[in-house]
Amino acid sequence: MKRTSLFFVACLQASSSAYAVTQLWFTDQPADRRLLKDLHNSHGGLVSIENDVYVKQLWLQQGAGLHDSGLQQAQGGKFHLLDAGGNLMEPVLEPEGMRFKMPDEGFYNAYYTEQVLANQVLNIATAKAEVLKHNCRLGHNYDRALVNPHQWDAAPLDIIRLRLPEEDFHTRIQSGNTLKFRVLHLGKPASGATVKLETEKGWSKTTRTDEQGMARFQIIQDSFATDETAESGSGKPDADSVKQQRPPKSWGNKQAENQEHNADHGSQQREGRGGEHQRHNNDRFLVSATFSSPDVGELDGKPYRQVDYSVAMTGRYTVNIQAAKGTSEALMFSSAGFLTLGVSAALYRRRRIKPFKEISFDEH
Amino acid sequence: MNIKARIDRLDWRRFRFWLQLAAFLLLVYGGRLAIDLGQSLPTFACGYNRGATAGVCYLLPLQHQLAQPWSRLFSPAGLEVLGGLGLFLLWFVVLNKAWCGFICPLGTIQDWITGLRKKLGIRYSSYTDEQFNQLRLIKYALLLLLIFIPLGIGGQFLSHDWGTPFCQICPARMVIPLFNGDFSQWVINFSSTGKMILTAIGMFITGLFFVGSFLKKRFFCFFCPMSAFHYIFSKFALFKLKKEGSKCTVCGDCYRVCDMQIKPIADNVTKKDILMDDCILCLKCVAACPEEGALRVDILGKPIFEATKDGFVKRMGMEKKQ
Amino acid sequence: MNYFAGIDIGSTAIKIVVIDQDRQIIGNKVVGTGALVFKNAQNAFLALLGEIGLTRQHVSYLTTTGYGRKLFQDADETISEITANAIGAREVGKPFGTIRTIINIGGQDSKGISLDEQGNVTNFAMNDRCAAGTGRFLDMAARNLEIDVTDLGPFHFNAVSTPAAVNATCAVFAESEIIGLLGMGHGREEIVKGIHFSIAKRTIKLVKRVGIEELLYFDGGPALNQGLVAALEDELGRRLVIPPIPQVTTAFGAAIIGLESFQFEKQERQEIAPQVVAVSGGCQSCTCD
Amino acid sequence: MMSEPQERAIETSQQRHARHQGMEASEVLDVVEKSFSGNPKAMQYFYDLFRDVYCNGVKTHSGKETIGTMCVQIPDEIIHAAGGIPVRMCNGFYTDEEIGGEFMPAKSCSLVKASLGMLKSETNPYSDGIKTIVNPTTCDQKKKAAGMMREMGYQVYDMELPPVKESEEGREYWRRSVRKFTQEVTRITGKKITKKGLKETIRKVGQAQIAYHRLNDLRKHTPVPILGKDIFMLTNAYFFDDLECWTQAAEALCGEIEQRVANGFNAAGRHSPRIIFTGSPPVFPNLKIPLMIELADGVIVADETCSSNRLLNDMVSVDEWFMYDMVDAVADRYLKSCTCPIFTMNDDRIRRLIDLYRSFHADGVIYQAFSGCSVYEMEQRSVAKAMEKEGIPMLYIETDYSPSGTGQLSTRIEAFMESLKARRRNKR
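If you read the protein sequences in the order shown, they are chains A, W, C and D. Note that the working numbering has the first sequence beginning at 1289, numbered continuously upward. Note that the working numbering has the second sequence beginning at 10, numbered continuously upward. Note that the working numbering has the third sequence beginning at 5, numbered continuously upward. Note that the working numbering has the fourth sequence beginning at 380, numbered continuously upward.
Next up, chain A with everything else stripped away, as it sits in the complex (with noise of 0.2 Å):
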């Protein structure tokens, strides 16, 4: 029922503007808080252990935008996953979504299909998690092929995430990093889809693929303040949103490290943190595509004359570390370190000479 409402919502929405589609994606944020306990922060988020064996657990989440979404149950749709290796695999199913067990190293691809046929347009929607398994333990000495994105060609229409250079398990995007992404339309590229990169703190980007499928998008240099510097950004991605900034001078509270815990929370209030760099800090983004085609067809005896297909799926990027590291700091304490023991043991070594130390009484 919510969801149709929400559908009305959307059209209502996509009526006002051209680009405010609903979506689908996965989140592995549990409803129900008390999971939380159970669950682990992996390389590839949460999860569950079992048997010494990564289980990942994602729910559907449907809405038009981070701020602007709940949780959903499958309607009907397709689930499927792609392993580490790049092959189908049967995920096991559950009402609010799926789980399966990540017993490789390397990125696992979940999907969810749901076509809805409404207005003589067949929505196809499909909701998109690439999930990473890495266990430091079983060392770093992996393939490049175990690095790179997946495909799947029986995806309406997909989303990659092409890798940052050099990327690897422990990379994490930051803000100010370039992002490319090529959308697959049936394992083609499809040219003149609209991509829209949105973060939770609202700043948000939309591009039109090139006919190699490809988008870009420079994150928004973020300091994760809520200052002038989120909303100023929330334009197009220009020269000056992504030049270096000082960090500020006041650094974290109590309260901050507080709520570090709670990071991965991606609704959670963010007020606390006015004006600092906090290497922990991360945020979800969520990019998405949407494309048309003219097909004419029918759907349960139901005609359509056209199709909109649309994707999604959520990331991670955390504030730019290089930004809030300070070279020139960092000689000087190394400078006060080398002056103080050098000035010291010159002193000592003056002083010695002098035959001896006399002993010091306390006369009280």
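Treat the hints with care, since some could be wrong.
[Claimed, not checked] Straight-line alpha carbon distances no greater than 30 Å define the calculated DSSO-like cross-link-like pairs of lysine-lysine that follow: (1) D:K443 x D:K574; (2) W:K272 x D:K499; (3) D:K523 x W:K272; (4) W:K280 x W:K256; (5) W:K318 x D:K510; (6) D:K486 x D:K499; (7) C:K74 x D:K499; (8) D:K510 x D:K522; (9) D:K570 x D:K583; (10) W:K128 x W:K311; (11) D:K510 x D:K599; (12) W:K329 x D:K413; (13) D:K578 x W:K127; (14) D:K571 x W:K329; (15) W:K329 x D:K486; (16) D:K571 x D:K438; (17) W:K272 x W:K127; (18) D:K599 x W:K323.
I should point out that these hints are in silico values taken from the structure, not numbers from a laboratory. If you're wondering where the values come from, they're calculated on a predicted model, not measured in any experiment.
Position chains W, C and D relative to chain A; hints supplied.
Here is chains W, C and D on its own, set in the frame of chain A:
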């Protein structure tokens, strides 16, 4: 002349120099040749020397593992910590503290700095007995901190900002990547209070490191928590430093050459297993001992390097010039 | 039949013992040392041989001991009096058990010797150059008191009142001390007894350095002095083993050592003999026809 | 007709003293040379050296800056590096002891009396004259001797030696003393000590030590190839001989002794007990006890005395060849391993004795103490106790330089030898 006698006559200084150089190249550049010795190395093969290190210092994964949520750490899954420790022990048990004296890249760098000082003709400093006894406890304090801070993180008493606290202050993180032209660790990380404090301390210590190891032989080893960690397990190691007290004349020659100023090596005539906590097993003492068989190195109870008069004379350059 | 002789040339007396190969004493003789030490010893030795009907040729092995041992060039072996004394005591003391400690008071020195179970010397102590507590000291005391040395024993037992305290450890000072005691009206008996206790105390102090163990054996000329024996026993709180002829134990020991050496050498000769034969076959330097 | 008595020059005091010394020295040299068969040929250098110096009036260091040293703790390396020649003033002449006895208490030790006696006699067998004497603060008698030597007109440098060698304070104290001495000795000789020069003298002294060790190790062999009296002669020559000449002669001796070992030569008797000699140092010509031991069919295979083993045993080890390090290293050599009884603890000495006993396959220990040398006399008890615990037979002899009382001593030594032989027989 049999092999043993040859070893006993070895010019230990030169032998060690080359061995250290080889180990240094292996650990600091080996990663480029896709050499991976795992992450439980009992020596400062710094993991921050990204892409170039041939293995990772055990302290890094140890601090990581200990920072797991307690629910996991104290569950059967937490046993993986023991796995890492087991691997560490496997490495350690063979060489004992000779990891410090022969393999540790940071130790080798210190020896090179000492070599530079010698070239410049500047004398070295040493601690007084009193200073020695006070300072030697620092490494244990560091060891406790590097265990308890991560545990505190896992128990949610401390923020993740304090993660891998020792690595943040360890000069190896700054110094070793330099050999790969990587200056990126020379930064203060302002991203959080903890990081900022730790990296600032780290940079300060790096400054101390350069001056200290210039003035004092093996300056940093004296404070090294890895050394303290080693000592806990050194009893079980195969490599042993032995002393035959009855043959010792307490002449102090071994103590004189000891980079770590370990006095019991000369004064203690009752202890057979003379390896002390500060020892880096560089074996300079054995090389400098003029008493036949007073000091020796055993592997599995078999002496492999023994103090001999002959060897002493050769190493001190007292042989008759032909 | 082989005979063995031991000559102990001491500072005051020369003691000679001849034994047969069954370790039985065939004859013994004690004469004064005098000034012509070697001549006196030689004469006494020959006289003794004559008395028991032997000639020098019958004596297979002659061992000398005592401070004049090196003078007697005719000897097959010289041995220190400490070892000879120990061996003699071991043999003589056999009927009493295993001797472990020997007190020997000679003419110019006194000794304490400790033995192990087999009669080997494990430790010994000697008085230093001073003559206090030796036979010479007794001689001097007797002369001062104008009594014969042999009467010292009876005098000791005749003392009725408390023995006089003789403190001096030096023979020279003791002399004046004795004169002083006489002047104060002490009886000679008490003085003799006092002297004996003084010597006993001094000797025991010496022997304590080597450790006193059961059995205690006392020999040397002064062992004939029953008074001194009594004083030593009283001071020790134990009985002493006194040999029948206490002067000759050392000479007897020397003779026993001679016997053992003789037998040892003979045995060695036999052991080496076959090899000698083998070697002599290729001998080139032999000039005999 | 009686001829007119010629005008005869009366001996000067120096001549008289030299005659006394010569008489005493030649008597001992005769015993050393002639009472033993099979002396090594290379020993002739040392016999001749003693005869030259003490009987023929040859001055080995004429015209050179000689510095007298009063004890084994004075660093030779540093004196050599400063261009001086260290001459050990410890003396073994009874003649000199009698002179010393005139102004020193009767109960003082023979060695100190004799050393001061020689200085008092104003004759010096080694050089034209010794002006400077370095006197370490070892035993009380040597300490007080400093004042007497000053009275005699010598320039005395008091070198402070700590009474405790185990403590860090003691070590630092002594290092400081040696550093100061290093500075002072350049003032005496007027020559600067250079880094290179000191390194070279450390090497030279080291070579002498190596020769000594080489020889000493040969004494571990059974049968023993050289008698202890020859070793004492050799080490006593080190007191005053030119360093390089000494090393050369010692190396020649080593060669000969090595040959002897190869041939299975036995310098002693077939059953001679092997003796470790310890205690007060036998200094030529007071080789009374060593000679007595070897005449009584014993053989000294090793010793622990400051006139021999302690003189050359411990070597300098340097980590970095800088002045600071070298001087400190030299200082350590003379303090840390010194087994002199003047230090509070004597564990090191006991340990050394036990080790010598074992490694030289000895049968017994003979401990000589000069009467009056209270430290050796006092230490006797603890050493005896330790030896007893280890089952090592030990003979303690209290003696002095006087030639009397040898009968008593030889009886004791012979009895000890006999008991050692019996002990060995029983073991077999």
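Hint check results:
For the proposed pair K443 (chain D) and K574 (chain D), the alpha carbon gap of about 22 Å is at most 30 Å, so the pair holds. Under the criterion of a C-alpha separation no larger than 30 Å, the hint pairing K272 (chain W) with K499 (chain D) is inconsistent with the structure, at around 45 Å. For the proposed pair K523 (chain D) and K272 (chain W), the alpha carbon gap of about 34 Å is over 30 Å, so the pair is violated. Distance hint between K280 (chain W) and K256 (chain W) is fulfilled; the C-alpha atoms sit about 13 Å from each other, no more than 30 Å.
Note on K318 (chain W) and K510 (chain D): the hinted pairing is violated, with a Cα-Cα distance of about 38 Å set against a maximum of 30 Å. Restraint check for K486 (chain D) and K499 (chain D): the C-alpha separation of about 19 Å stays at or below 30 Å, so the hint holds. For the hint pairing K74 (chain C) with K499 (chain D), the CA-to-CA distance comes to about 40 Å; that exceeds 30 Å, so the pair is violated. Proximity of K510 (chain D) to K522 (chain D) is assessed by CA-CA distance (about 18 Å); at most 30 Å being required, the pair is judged to hold.
Taking the CA atoms of K570 (chain D) and K583 (chain D), the gap is near 18 Å; set against the 30 Å cutoff, the hint holds. A threshold of 30 Å between alpha carbons decides the hint, and for K128 (chain W) with K311 (chain W) the separation of about 38 Å lies outside it, so the pair is violated. About 41 Å separates the Cα atoms of K510 (chain D) and K599 (chain D), which puts this hinted pair outside 30 Å; it is violated. Of the pairs offered as hints, the one joining K329 (chain W) and K413 (chain D) is violated, with about 34 Å between alpha carbons and a cut-off of 30 Å exceeded.
For the proposed pair K578 (chain D) and K127 (chain W), the alpha carbon gap of about 16 Å is at most 30 Å, so the pair holds. For a cut-off of 30 Å, the pair hint linking K571 (chain D) to K329 (chain W) stands: about 26 Å separates their Cα positions. Annotation: proposed proximity of K329 (chain W) to K486 (chain D) is violated, straight-line Cα distance about 47 Å (limit 30 Å). Proximity of K571 (chain D) to K438 (chain D) is assessed by CA-CA distance (about 26 Å); at most 30 Å being required, the pair is judged to hold.
A hinted pair counts as satisfied when its Cα atoms are at most 30 Å apart, and K272 (chain W) with K127 (chain W) qualifies at roughly 23 Å. Our distance criterion of 30 Å between C-alpha atoms is met by K599 (chain D) and K323 (chain W), whose separation comes to about 23 Å.
Checked against the numbered hints given earlier, this structure breaks hints 2, 3, 5, 7, 10, 11, 12 and 15; the rest are met.
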